[in-house]
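A.B. asks: The primary structure of each chain is shown beneath.
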Amino acid sequence: MSQKLLLKNDHIPGINTLEVYRKHGGYESLKKALGMAPDAIVEEVKKSGLRGRGGAGFPTGMKWSFLAKPEGVPRYLVCNADESEPGTFKDRYLMEHIPHLLVEGMIVSSFALGANTSYIYIRGEYFYVLRILEKAIEEAYAAGLLGKNILGSGYDLDLYVQIGAGAYICGEETALLESLEGKRGNPRLKPPFPAVKGLWDCPTVVNNVETIAAVVPIIEMGGDAYAGIGIGKSTGTKLISASGHINKPGVYEIELGVPVEEFIYSDEYCGGIRNGKDLKAVVAGGSSVPILPKHLILKTAAGEPRLMSYESLGDGGFATGTMLGSGGFIVMDEDTSIVRNLYTFSRFYHHESCGQCSPCREGTGWMERIIKKILDGKGTLADIDLLWDVQSKIEGKTICPLGEAAAWPVAAALRHFRHEFEEYVKNPQSIKDVRHYYRLNRLEMA
Amino acid sequence: MPIVTIDDFQIEVPEGTTILNAARMIGGDLVPPAMCYYSSLKGSGGYCRTCLVKVEQGSAKDPRPMPKLVPSCRTTVMDGMVVRNETSPEVVEARAGVTEFLLVNHPLDCPVCDQAGECHLQDLGYEHGKLNTRSEFRRRTFEPIDIGDKVKLHMNRCILCYRCVKVCEQITDGRVHGVIGRGDHAEISTYIEQAIENDFSGNVIDVCPVGALTDRTFRFKSRVWYTKPVEAHRNCDKCCGKVRLWYKGEEILRVTARKDAYGEVAKLENGEAGWICNECRFEKKKTSDWVIEGPAHIDDHSVISAHHYESPEGERFGDEKLEQAALPHGEKVERGVGALNPNNV
Numbered sequence: 001m002s003q004k005l006l007l008k009n010d011h012i013p014g015i016n017t018l019e020v021y022r023k024h025g026g027y028e029s030l031k032k033a034l035g036m037a038p039d040a041i042v043e044e045v046k047k048s049g050l051r052g053r054g055g056a057g058f059p060t061g062m063k064w065s066f067l068a069k070p071e072g073v074p075r076y077l078v079c080n081a082d083e084s085e086p087g088t089f090k091d092r093y094l095m096e097h098i099p100h101l102l103v104e105g106m107i108v109s110s111f112a113l114g115a116n117t118s119y120i121y122i123r124g125e126y127f128y129v130l131r132i133l134e135k136a137i138e139e140a141y142a143a144g145l146l147g148k149n150i151l152g153s154g155y156d157l158d159l160y161v162q163i164g165a166g167a168y169i170c171g172e173e174t175a176l177l178e179s180l181e182g183k184r185g186n187p188r189l190k191p192p193f194p195a196v197k198g199l200w201d202c203p204t205v206v207n208n209v210e211t212i213a214a215v216v217p218i219i220e221m222g223g224d225a226y227a228g229i230g231i232g233k234s235t236g237t238k239l240i241s242a243s244g245h246i247n248k249p250g251v252y253e254i255e256l257g258v259p260v261e262e263f264i265y266s267d268e269y270c271g272g273i274r275n276g277k278d279l280k281a282v283v284a285g286g287s288s289v290p291i292l293p294k295h296l297i298l299k300t301a302a303g304e305p306r307l308m309s310y311e312s313l314g315d316g317g318f319a320t321g322t323m324l325g326s327g328g329f330i331v332m333d334e335d336t337s338i339v340r341n342l343y344t345f346s347r348f349y350h351h352e353s354c355g356q357c358s359p360c361r362e363g364t365g366w367m368e369r370i371i372k373k374i375l376d377g378k379g380t381l382a383d384i385d386l387l388w389d390v391q392s393k394i395e396g397k398t399i400c401p402l403g404e405a406a407a408w409p410v411a412a413a414l415r416h417f418r419h420e421f422e423e424y425v426k427n428p429q430s431i432k433d434v435r436h437y438y439r440l441n442r443l444e445m446a
Numbered sequence: 001m002p003i004v005t006i007d008d009f010q011i012e013v014p015e016g017t018t019i020l021n022a023a024r025m026i027g028g029d030l031v032p033p034a035m036c037y038y039s040s041l042k043g044s045g046g047y048c049r050t051c052l053v054k055v056e057q058g059s060a061k062d063p064r065p066m067p068k069l070v071p072s073c074r075t076t077v078m079d080g081m082v083v084r085n086e087t088s089p090e091v092v093e094a095r096a097g098v099t100e101f102l103l104v105n106h107p108l109d110c111p112v113c114d115q116a117g118e119c120h121l122q123d124l125g126y127e128h129g130k131l132n133t134r135s136e137f138r139r140r141t142f143e144p145i146d147i148g149d150k151v152k153l154h155m156n157r158c159i160l161c162y163r164c165v166k167v168c169e170q171i172t173d174g175r176v177h178g179v180i181g182r183g184d185h186a187e188i189s190t191y192i193e194q195a196i197e198n199d200f201s202g203n204v205i206d207v208c209p210v211g212a213l214t215d216r217t218f219r220f221k222s223r224v225w226y227t228k229p230v231e232a233h234r235n236c237d238k239c240c241g242k243v244r245l246w247y248k249g250e251e252i253l254r255v256t257a258r259k260d261a262y263g264e265v266a267k268l269e270n271g272e273a274g275w276i277c278n279e280c281r282f283e284k285k286k287t288s289d290w291v292i293e294g295p296a297h298i299d300d301h302s303v304i305s306a307h308h309y310e311s312p313e314g315e316r317f318g319d320e321k322l323e324q325a326a327l328p329h330g331e332k333v334e335r336g337v338g339a340l341n342p343n344n345v
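Listed in order, the protein sequences are those of chains A and B.
By the working numbering, the letter at position 156 of the first sequence is numbered 156, and the numbering carries on one by one without gaps.
By the working numbering, the letter at position 321 of the second sequence is numbered 321, and the numbering carries on one by one without gaps.
Please keep in mind that the hints were generated in silico from the structure rather than gathered at the bench.
Ideal placement from N, C-alpha and C gives every residue a C-beta, glycine not left out.
Any given hint could turn out to be false.
Pulled a few chain A residues facing chain B out of the computed Cβ check, cut under 7 Å [as the list claims (entries may be wrong)]:
#1 189
#2 190
#3 357
#4 362
#5 363
#6 365
#7 386
#8 419
Excised from the complex, chain A in its bound form (with noise of 0.2 Å):
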């Protein structure tokens, strides 16, 4: 039983009331942490080697001390909770049942970086996960946790929670700070980047939920500990929002470092693959990621097992590795047609761009347009060629990594699983044989 750090009271009843949530030791580590200075707090999350959740695996404390500092500008502290990439729903999973953790990583962190004003900026379609997050404030307000003078301290912080209207595209933290500004959510140009003009063009800091609880943890146990849990720079555990043909899926938090393999099969995580049925295909990190065949994701292309850190999924780069990405890992059995799943995914991103930018907004559009005609029978061999070389035109040409995240997938579907592609080409009739095969599983099961 690998150790958890962020879900060990989930199980409690009412841990999402304030009330129970000290009783288990809540809001302690709010207690140490104001009796530190902010700058220890800071290199506390430095000695953790803690890495943003959201996707990038950034080093927190290095984006921390990267905030500028200027006399008389005030300083934000934003937490992401724009959870929006297909595949992933950790940070739903963590403020739905302990709302209070984010809470207070909030307030530790905005006392670590001098903020006095934080919001919360959650995804529109989360709207119960808002009314639970502003109970729980509303709770924090009432015992004094949070703003004038927090616990006696003399630290001033009010909270907010702010919710999006549902756009992919403000996950991406300029969007998402346009949108908290009441803007258009289009992500801006960068530089200059946030920590030095970001929120209202003052120095601010964007987290993802899973960091900022992340924290709560570290001023608890201290930065040196939490770096001892994981795997080389891989430190402390991560929450897997593991879903697709396995037969447990839902959110686990492992210690950076297990075996893919050990993920996938083991009864105490992801159970196996449903029905008996072989592995195919695995998403690693959310839908932007690219695809890894089974033998790629079980080992690397030099023959190590692949363990569940940012180090090691990454080994190969994009020829032979993906990425840990936000942790939403999408299993998919041997039955599944990996030419149908990217036409999802790159629905999804077509329907999702911002439209700011020209190779994004068109080249998505295409992009799904050609899979849908491969997926009608219609499509031909050039049309295989023409679709790697729209993914080419878009990667790294856009101002927001939406480009990348709407490419990768198109490319890593072309780059291993080419043939399942030439297969629909030449032999349409193997689609309808497919669908043909969907519908009698359907029918089955219902």
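Take the given structure of chain A and dock chain B to it, following the hints.
C.D. replies: Frame of chain A, contents of chain B only:
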């Protein structure tokens, strides 16, 4: 002052200059095309991605290359920076890609578009695009709408450069139009098709790089290359009053602001952009309203100059020659008409 090298040309530029503006100071073919950047509009640029360039050396201090292509209109130069534009195959390829993307949903209705002949997208397609289109899907379409009684919006042709949004934000008060929707269904629109009522709203026509926003008083009156541009001015209490009149015979068909070599509204002596008011643009269509300064300079590469002034061989064109040049299979096929054969127009 930082010294920057662009395509092996060196230039010393003031601090804070962007790569694009540094390239414009050198001039010539190494200037990246810009569809959305507009020097007189603050915060414009960065959207269209046609001006992407490769930075081979970040600066003298930190000589590492930049990992991705950067938008030259929004990247400031550093001392010792080495930039590759036309000499980098990667940039040429990326630009062809962007051009293709811009044309994926563009209707290519140049034969009935008023902008044809002075359209930046035509120039871009001609200079940086590929011969064939590879997209065979239905293009997204919108109905044209009237934004007030003077401006027509053809959303089909729009490339979402955001220039008109910035004009309304920065030089008119009370912005009522912007972008609604997202992705390739995003559109420029006014809220519930409200008219833009503002003295300077006509400038959205001048900044539009394509034929999305056109002058309703000029629509379908004439192809631009049959009109003769003349510089003129009048005393106007609202604007600078310095304009370009477009004559056909004795009649003034339209009035626009003066444009510079990059198709932007030309700067006045005081360095400000020469925006003109709606009264000058739409109301004053008699020669007696204006003091004529003389024929406007039109760049050689423009199709507009082809039929009035000098042919590339230096031969002057008369009216009969003009007719002749418009004949099918004529020898005078000029640049700038894009994917369509100019002789079919």
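A.B. asks: Interface hint check: residue 362(A), Cβ to nearest Cβ on chain B, cutoff 7 Å. Holds or violated?
C.D. replies: 4 Å, holds
A.B. asks: Are residue 189(A) and chain B close enough, Cβ to Cβ, to be under 7 Å, as the hint says?
C.D. replies: 5 Å, holds
A.B. asks: Mind checking the CB of residue 365(A) against every CB in chain B and telling me if the closest is under 7 Å?
C.D. replies: Holds: closest Cβ of chain B sits about 5 Å from residue 365(A), inside 7 Å.
A.B. asks: Answer holds if the nearest beta-carbon of chain B is closer than 7 Å to that of residue 419(A); otherwise answer violated.
C.D. replies: 23 Å, violated
A.B. asks: Does residue 357(A) meet its interface restraint, that is, does its C-beta lie within less than 7 Å of any C-beta in chain B?
C.D. replies: At 5 Å from the nearest chain B Cβ, residue 357(A) passes the 7 Å test, so the hint holds.
A.B. asks: Hey, does the residue 386(A) contact hint survive, CB to chain B under 7 Å?
C.D. replies: 6 Å, holds
A.B. asks: Restraint: residue 363(A) near chain B, CB-CB cut 7 Å. Satisfied or not?
C.D. replies: With a closest approach of 6 Å, the residue 363(A) hint holds.
A.B. asks: Go through the hint on residue 190(A) and say holds or violated, using the shortest Cβ distance to chain B against 7 Å.
C.D. replies: 10 Å, violated
When held up to the earlier numbered hints, the structure conflicts with 2, 8 and fits the remainder.
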